[in-house]
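Peer 1: Construct the complete structure from the given sequences, taking the supplied hints into account.
Chains as they are written, first to last, in my numbering: chain C, 2 to 249; chain V, 2 to 249; chain H, 2 to 249; chain R, 2 to 249; chain D, 2 to 249; chain G, 2 to 249.
Hint data in this document are derived by calculation from the structure and do not stem from the laboratory.
Check the hints yourself; a few may be wrong.
Heads up, the list lumps identical chains together, so a pair's fine if it works in one copy or across two of them.
Calculated pairs, BS3-like style, for lysine-lysine (alpha carbon to alpha carbon, straight line, at most 25 Å) [as the list claims (entries may be wrong)]: (1) Lys194 <-> Lys223; (2) Lys137 <-> Lys3; (3) Lys248 <-> Lys137; (4) Lys194 <-> Lys64; (5) Lys64 <-> Lys137; (6) Lys194 <-> Lys248; (7) Lys223 <-> Lys137.
Number of protein chains: 6
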Amino acid sequence: MKIKVINPNTTWTMTDKIGEAARAVAAPGTEIVAVSPAMGPVSIEGFYDEAFAAIGVIDEVRKGEAEGCDGYVIACFGDPGLAAAREVARGPVIGIAEAAMHAASLIGNGFTIVSMLERTRATMEHLVHAYGMSHKCRNIRMTDLPVLELEEEGSNARAIIVEECRRALAEDHSDSVLLGCGGMSDLMAHITKEIGAPAIDGVSAGVKLVEALVSLGLGTSKRQAYAYPVEKVYTGSFSQYSVPARKA
Amino acid sequence: MKIKVINPNTTWTMTDKIGEAARAVAAPGTEIVAVSPAMGPVSIEGFYDEAFAAIGVIDEVRKGEAEGCDGYVIACFGDPGLAAAREVARGPVIGIAEAAMHAASLIGNGFTIVSMLERTRATMEHLVHAYGMSHKCRNIRMTDLPVLELEEEGSNARAIIVEECRRALAEDHSDSVLLGCGGMSDLMAHITKEIGAPAIDGVSAGVKLVEALVSLGLGTSKRQAYAYPVEKVYTGSFSQYSVPARKA
Amino acid sequence: MKIKVINPNTTWTMTDKIGEAARAVAAPGTEIVAVSPAMGPVSIEGFYDEAFAAIGVIDEVRKGEAEGCDGYVIACFGDPGLAAAREVARGPVIGIAEAAMHAASLIGNGFTIVSMLERTRATMEHLVHAYGMSHKCRNIRMTDLPVLELEEEGSNARAIIVEECRRALAEDHSDSVLLGCGGMSDLMAHITKEIGAPAIDGVSAGVKLVEALVSLGLGTSKRQAYAYPVEKVYTGSFSQYSVPARKA
Amino acid sequence: MKIKVINPNTTWTMTDKIGEAARAVAAPGTEIVAVSPAMGPVSIEGFYDEAFAAIGVIDEVRKGEAEGCDGYVIACFGDPGLAAAREVARGPVIGIAEAAMHAASLIGNGFTIVSMLERTRATMEHLVHAYGMSHKCRNIRMTDLPVLELEEEGSNARAIIVEECRRALAEDHSDSVLLGCGGMSDLMAHITKEIGAPAIDGVSAGVKLVEALVSLGLGTSKRQAYAYPVEKVYTGSFSQYSVPARKA
Amino acid sequence: MKIKVINPNTTWTMTDKIGEAARAVAAPGTEIVAVSPAMGPVSIEGFYDEAFAAIGVIDEVRKGEAEGCDGYVIACFGDPGLAAAREVARGPVIGIAEAAMHAASLIGNGFTIVSMLERTRATMEHLVHAYGMSHKCRNIRMTDLPVLELEEEGSNARAIIVEECRRALAEDHSDSVLLGCGGMSDLMAHITKEIGAPAIDGVSAGVKLVEALVSLGLGTSKRQAYAYPVEKVYTGSFSQYSVPARKA
Amino acid sequence: MKIKVINPNTTWTMTDKIGEAARAVAAPGTEIVAVSPAMGPVSIEGFYDEAFAAIGVIDEVRKGEAEGCDGYVIACFGDPGLAAAREVARGPVIGIAEAAMHAASLIGNGFTIVSMLERTRATMEHLVHAYGMSHKCRNIRMTDLPVLELEEEGSNARAIIVEECRRALAEDHSDSVLLGCGGMSDLMAHITKEIGAPAIDGVSAGVKLVEALVSLGLGTSKRQAYAYPVEKVYTGSFSQYSVPARKA
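Peer 2: Structure, rendered in structure tokens:
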């Protein structure tokens, strides 16, 4: 099975870290391809960044279909481009926010999301609402750290995040913590150990959920909402994204 | 006041029609600039199309800021790029689905959306949910017509739409109908007259709501979620969208 | 266009202030008629007061229909009599709580209501729930000041309110503040400037929304819920409110 | 115990019927006082009617407090004036829509409301939403009969209602039916027998719920929302409703 | 009328206390039978305990049907076995969490639950959600005391609970407090007096609600969800719970 | 990895079928142990049956902990005993309704449940509500077939179910179908092929989700709601279920 893990930003040190996290949990027969798009923002910290990152994600899924990928993980906690990517893909596509929330739902009664820049709180609120997780999500805690701080040597970002996770358990009546950024994917084991409760990384969870679905023979349903894109002309600099007629 | 009405697809016959609908309701001092992006899909019929259309919308809002626009209307019933556009804009940005739903809420107790391709039902469901309109939206009726059918001479699309609007009133306990496509913006008066109840076009509603907000001195709040994008490098073919530092 | 702005209480100093706020934002061709009912409570601080104020509002809308009014604003943050007034009116009727919530929804991601007596919190909660604004309203902050304190010379009510608005931004993750009382209608510009984020007055917003709807040719839908009242005899001291048969 | 059952309209034949239904279920020591207000609409079929009926209800509760009433039932399925009446009353106040919905919740899993004029559907929808009964209410079926049809000799209204109740069980997956009008209060036993499932009359249910609460020593909580009205001057024709200072 | 009040745990000192509370409010003609099951946990502090307690409850309802009981109260704030008991019973069955929440809804605008072990918070959250009481329940406060602490002579549990109830009123904008454990059933009057607002015991409320329903001729609806159990063989140690065919 | 798949009823032909479905999807290193409890109902068709089945499930999970099981699947679409089983287990426990709903959420936009006896509709409604899946579940279709009909040679149950699945796609705007009974676990491939869209069996999905969680090192969180049961005496015939003190 071949799973493409797409880091929607273009910071390859983060992509490599995400790839490692994915490979660490992948089943023996699973090949992980970890990539960043050819273009786009170096980090994703708002709706503007997400819009461009979505195109990068779609681009990689389109390529992935040609490369024979069986499923995809979108490794940014805002799940940019998820719905569009589902239209393009035959197999399953899972965002890491989605993956982490579903995993937490299956092992506990309520979770807290711990994430980075305060301004991106809205994205997480929208996802919680859209995924029907309002009854499970007890709090969203933003550390207000920039995303790329996680890539800095010697930064105290990890210590701040661990401390916030601790507060989540103590104050929110939560029984697990979601690591709200692809750049935290190397912290799952460390934080779980530090806080004595599950700290869930969506990259890891996403890989296992894609594996599970593919093993079940389940791909994205091609009825209704996520049917393949309609044949269509795209103009100008997006003309390469035109949708040709599908063969019967 | 200068309002940019952005048709997110690149079919200029539709853009012209939308511009006319906008000008027909604009206040004396309002200048309407109706545009399509320089690139993107010729119609928007799914999440894939929306993702690319969002970039076109953002592009036009970026230009609009330089051109001194006071507000924006996104003239596609999926409101593509709305959140990102709000980050970019100083003034208000309104999507036509949003505009139509808010207008209907203020003049009635429950509405039905009448729209085009069945597969885009999901987009409308997501918007209804996200905008808190679940208690107001009584039904979503898809005619399953392609969007560009509305641009065809001699098509019976209008007759089919009128008939569906009639059924909405008769069967859904609705008191108004929302015209669920930018391409229907010339039908508001006609359908209203035919069905004897308000048929709301979001383009017209959007223009008046932007005018209202601008007159109140209200632009997009720059606290929290819709603050200006963070200074950032964009790589590759999106490098032109890099966000420079803002001047104090 | 003639818009009647009804202050549902009978304190005319407040009515005058409300009228000024309305006129300050009205379009050139809009005539503002600001009134209080002929009878009722001098301020509205609970459900009992609201019930009587509703009759005053209805009375003024009935008169307004005869006077040729095109639309109405109910200038009390509990929106008393709104549904009944909609039955009576041909044109649109908007409450200031409703107007402020809708305006805030269009320019931001989440608001806080700042208002007066603690006991009226329930009214605001009910409106937030009824209007589908639960996902937008992040907090309701009551200063526990009596409504008429706003009319007192030398009161420090304004300073207390500004301070509460500041706390709303700092603690609630809100990006705008709603001024939760008709008596605050003169504070919009002042507080906006003080807190550096939109402080929305529902009177101003209501006038602009009514103008917008009337310009669109939209009045209250006469299908279903807000159809004109049914022909009916009223007995006793309310006999003047009997509903005659409507002419075809 | 003295319970005042207030028929909010001024049709005394209906009031008498309601009084009989109340007495039929009242406990031995309970005195039922069934009244209509001194003024107001002869039937309640919309928000306009409800607004005036609310004043009549408040008026009767005010008198009731002087008369030593221990609790109140508001015998119209729109529960007009309920919140205001709660402020005035020391004891409990229950509306018949509220009573019927709570009773149905305790004996079944889902109910259908069967009621009269189509246009009043909105009132029932609002109540279902406001009372948190959305998960219990499976349908609202309007027969589109005028309320006073129930008072007509020889009308086939009853037969139509029974038939609609039957359909509710057969088509809505409901296990009980709520009789959605005070004028149906004599039909509980008859319809229950006809359809072989509970047909719940809110007047009967309301009386028993008030008895239950009073026996428990529970009156309307005077903290927060339903505290006694604030001391206040009422002007004009409503001056009699001024609120005097309460004695310590 | 004969009402069986079932304390689902097997601590008879608590059962006696519960029986006393029930008898104190029962109507003259009501016989209260207070029991604990023949088997099960000595206190209920989690889902595991609830599962076994449910069987005890069902067992007592089965016996109760043979004994001619007219209704049942399940006297544990998690309402264990409620749905199953409803299938078995002809008459009404009410849980004390359900009873307390409904009573609070009828006399106030918002309540706080005050209860025992922190870990059982989830049970109460699930009930609030399932009963549609999310808009009424403002907080759940766990004192983290073990349930049997309430049976200890000289414990300061009562003082801790009273203090928490006080905080509920002061901090939660609540107007009543629900006593979230069957073992608190003797505290209703005491706490009500101490805090100056209704403190509602579900045992007392449950008895009066059952009386009310039975007086109305309402038992559990035998249509749909709560129809009598289907004829069926039970194997092994549960064979005594096999369901025989019902006589026509 | 050792996963125990518990068929909560005591019909071993069904247990065998469920075991086969589980083994068909299990990963190479996964051992499937498929069991029925030692006691309980031969099929589960209501809340009464579920209550007893829950004890059987708990019993098997208790044994499973001693046997070294890493996770559990509860193979009845009502997920009986799920919360209690989570308290007992160190590893993950998943119900098949839960598993199927989560899987459907990840590959589509909306599902329909197709199941057996009409009376059990309520169980499914409760689960949909409790799991936050209201926005995903578009319909619940009951064929009104008894559960054991699926075990009968020559029954036309399968044909009826396939037909209902077809209708689900055609009429409900669903893009997948959930097989709402453990006894349908052999039909996933067949129905998927027949209807041309995913038909999801919860047994298969449950096994893969348990595998995924265990591989991630995630067991049931032992903080808060699902902590191990509290040390406690059980009396009477349940004394064997007493909870001993846990060793540090």
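Peer 1: Between copies, within a copy, both or neither: which fits Lys194 and Lys64 at Cα up to 25 Å?
Peer 2: Answer is neither; intra-copy 38 Å and inter-copy 28 Å both fail.
Peer 1: Are the CA atoms of Lys248 and Lys137 at most 25 Å apart within a copy, between copies, both, or neither?
Peer 2: Neither way: Lys248 and Lys137 sit 43 Å apart in one copy and 31 Å across, limit 25 Å.
Peer 1: Is it within a copy, between copies, both, or neither that the alpha carbon of Lys64 lies no farther than 25 Å from that of Lys137?
Peer 2: neither (36 Å within a copy, 30 Å between copies)
Peer 1: With identical chains treated as interchangeable, where does the CA-CA distance between Lys223 and Lys137 reach 25 Å or less: within a copy, between copies, both, or neither?
Peer 2: Intra 29 Å, inter 16 Å, cutoff 25 Å: inter-copy only.
Peer 1: For Lys194 vs Lys223, is the C-alpha pair at or below 25 Å within one copy, between two copies, both, or neither?
Peer 2: between (41 Å within a copy, 13 Å between copies)
Peer 1: When Cα atoms must be at most 25 Å apart, do Lys194 and Lys248 count as within-copy, between-copy, both, or neither?
Peer 2: Intra 52 Å, inter 20 Å, cutoff 25 Å: inter-copy only.
Peer 1: Under a CA distance limit of 25 Å, which applies to Lys137 and Lys3: within one copy, between copies, both, or neither?
Peer 2: Neither way: Lys137 and Lys3 sit 32 Å apart in one copy and 28 Å across, limit 25 Å.
The structure fails to meet hints 2, 3, 4 and 5 from the earlier list, while all remaining hints are met.
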